[in-house]
Structures are given as structure tokens and as C-alpha cells.
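Protein sequence lines, in the order shown, are assigned to chains Z and C.
Per my numbering, numbering through the first sequence is continuous, rising by one, with the last residue being 111.
Per my numbering, numbering through the second sequence is continuous, rising by one, with the last residue being 228.
Don't take each hint at face value.
Stated by the list, open to error - Only some residues are given here: those of chain Z computed to face chain C with a beta carbon under 8 Å:
id, residue
1, Cys12
2, Gly15
3, Tyr34
4, Gly43
5, Tyr46
6, Asn94
7, Gln98
8, Phe99
9, Tyr100
10, Phe101
11, Gly102
12, Thr103
13, Gly104
By construction, these hints were calculated from the structure, which means they are not laboratory data.
Heads up, the beta-carbon is just placed ideally off N, CA and C, and yes, glycines get one too.
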Amino acid sequence: DAKTTQPTSMDCAEGRAANLPCNHSTISGNEYVYWYRQIHSQGPQYIIHGLKNNETNEMASLIITEDRKSSTLILPHATLRDTAVYYCIVRVANTGNQFYFGTGTSLTVIP
Amino acid sequence: GAVVSQHPSRVICKSGTSVKIECRSLDFQATTMFWYRQFPKQSLMLMATSNEGSKATYEQGVEKDKFLINHASLTLSTLTVTSAHPEDSSFYICSAPDRATSAGELFFGEGSRLTVL
Numbered sequence: 001d002a003k004t005t006q007p008t009s010m011d012c013a014e015g016r017a018a019n020l021p022c023n024h025s026t027i028s029g030n031e032y033v034y035w036y037r038q039i040h041s042q043g044p045q046y047i048i049h050g051l052k053n054n055e056t057n058e059m060a061s062l063i064i065t066e067d068r069k070s071s072t073l074i075l076p077h078a079t080l081r082d083t084a085v086y087y088c089i090v091r092v093a094n095t096g097n098q099f100y101f102g103t104g105t106s107l108t109v110i111p
Numbered sequence: 112g113a114v115v116s117q118h119p120s121r122v123i124c125k126s127g128t129s130v131k132i133e134c135r136s137l138d139f140q141a142t143t144m145f146w147y148r149q150f151p152k153q154s155l156m157l158m159a160t161s162n163e164g165s166k167a168t169y170e171q172g173v174e175k176d177k178f179l180i181n182h183a184s185l186t187l188s189t190l191t192v193t194s195a196h197p198e199d200s201s202f203y204i205c206s207a208p209d210r211a212t213s214a215g216e217l218f219f220g221e222g223s224r225l226t227v228l
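One chain only, chain Z, in its complex shape:
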């Protein structure tokens, strides 16, 4: 079962930063936070993951609170192609462990 809660939908102006929150108040000490996105009728795309520290890659930044009970995915300069459903998932980092998806946040980038 999904262990995260996310807002159902959000809008963001093109060129502005998109900040997508995720609550995972029951996260365990050995569980990572993963973010994926799914553009309509495609398979999900990996974005970023983290354990405790904030992370940044070419796609996004991940800010994890000190108590690890919530996190925020930041798309620094949203484009129209970032319109998608964004999923936050918590999971122990073992390749045999399943990923359970919640309902995600539908982000719409507005021109």
C-alpha cells in the first residue's frame, strides 16, 4: 500500500519553479524517497531519489525535511513538457522490494 499523500493537482506558470509536496509521516529509517512522473500514455520516468540529504540532478531537486516526514520535489524552471502526473514513493532500497504507487499529483504547466 502507498505510504505517501500528495495533493491531487497543481498548476504552475511556465518558467517558474514547480514545488510538489509529499507527506510520508510513517517513513522508516531505511526507506528512501523516490519521485517518478508519468506523461499521458507512457511508462513512468524516474526523476530522483534520496534518503536524508537534499539531492539535485539535471531534472530536479529533492528537499527532504530533517525529520524525513515530508519532502518537496522542485522543478526549477517548469516547461510545458513537464505537464504530467508526479508520484512520490517510499521504499527500502532493495531491488526485490516492490514500488507501490499512490494517486500522485497532476501538474499542469500553464503557458
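With chain Z held as given, fit chain C onto it using these hints.
Chain C only, in chain Z's frame:
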């Protein structure tokens, strides 16, 4: 990132027939693969975990005799929807973790859209 490929991307079949969907890890070996199903405007639902060389493990409520999974090699898993009916029409997505990555991130195929007439 690692590449996972599915085939076919779209399939239309008649009710009562069986359909096979292939999932391949193209540039890495996958001892485990996951199969998901997604209905319109809904999230991905995990159906089963495919294990190379052993039986798949199914999520609660998923019929193992209806959705046959075979993980024949370290790069190939297949899902066969047997005696398909219109209610089986859905978007089927496979995925695999890359053991070479730091936290076993999951990489997804492009998905296979099944339409049962």
C-alpha cells in the same frame, strides 16, 4: 538510465483469446521484474513480481491463472493474459530495478495498451 522495452505497444484482440506481452531489460540484467496495470485516470496498480528462475508472486486479488508470468531469462519476462475479456482492457506496464544503481531505482517500459473486443 537503464532501458526497459515492452512489446507490443498496442494490441487488439477478440474476447476469449490470449495475449502475450514481452518485457526486456536491454542493457542490464534483471532477476526481478514488476508488472503493473493502469486503468484510465487511475494510478498504477502492482499486479505481480516476476522472479527469474522461480514462480511469480502475485498481489492480493490478482488471479495467477489469468495472468501468467514467465521470467525465462535475466533479460526477459512475459505476461500472458489468458482468455481475455473486455474488462481486461488496460494499460500494462513492466519495470525492473537496476542492481547497478545505488538505490535500486525502478525503470519502466513504454507500456502495452490492450483492447479486448
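Against the structure, the hints come out as follows:
| no. | hint | verdict |
| --- | --- | --- |
| 1 | Cys12 | violated, 21 Å |
| 2 | Gly15 | violated, 26 Å |
| 3 | Tyr34 | holds, 7 Å |
| 4 | Gly43 | holds, 4 Å |
| 5 | Tyr46 | holds, 5 Å |
| 6 | Asn94 | holds, 6 Å |
| 7 | Gln98 | holds, 6 Å |
| 8 | Phe99 | holds, 5 Å |
| 9 | Tyr100 | holds, 6 Å |
| 10 | Phe101 | holds, 4 Å |
| 11 | Gly102 | holds, 6 Å |
| 12 | Thr103 | holds, 5 Å |
| 13 | Gly104 | holds, 6 Å |
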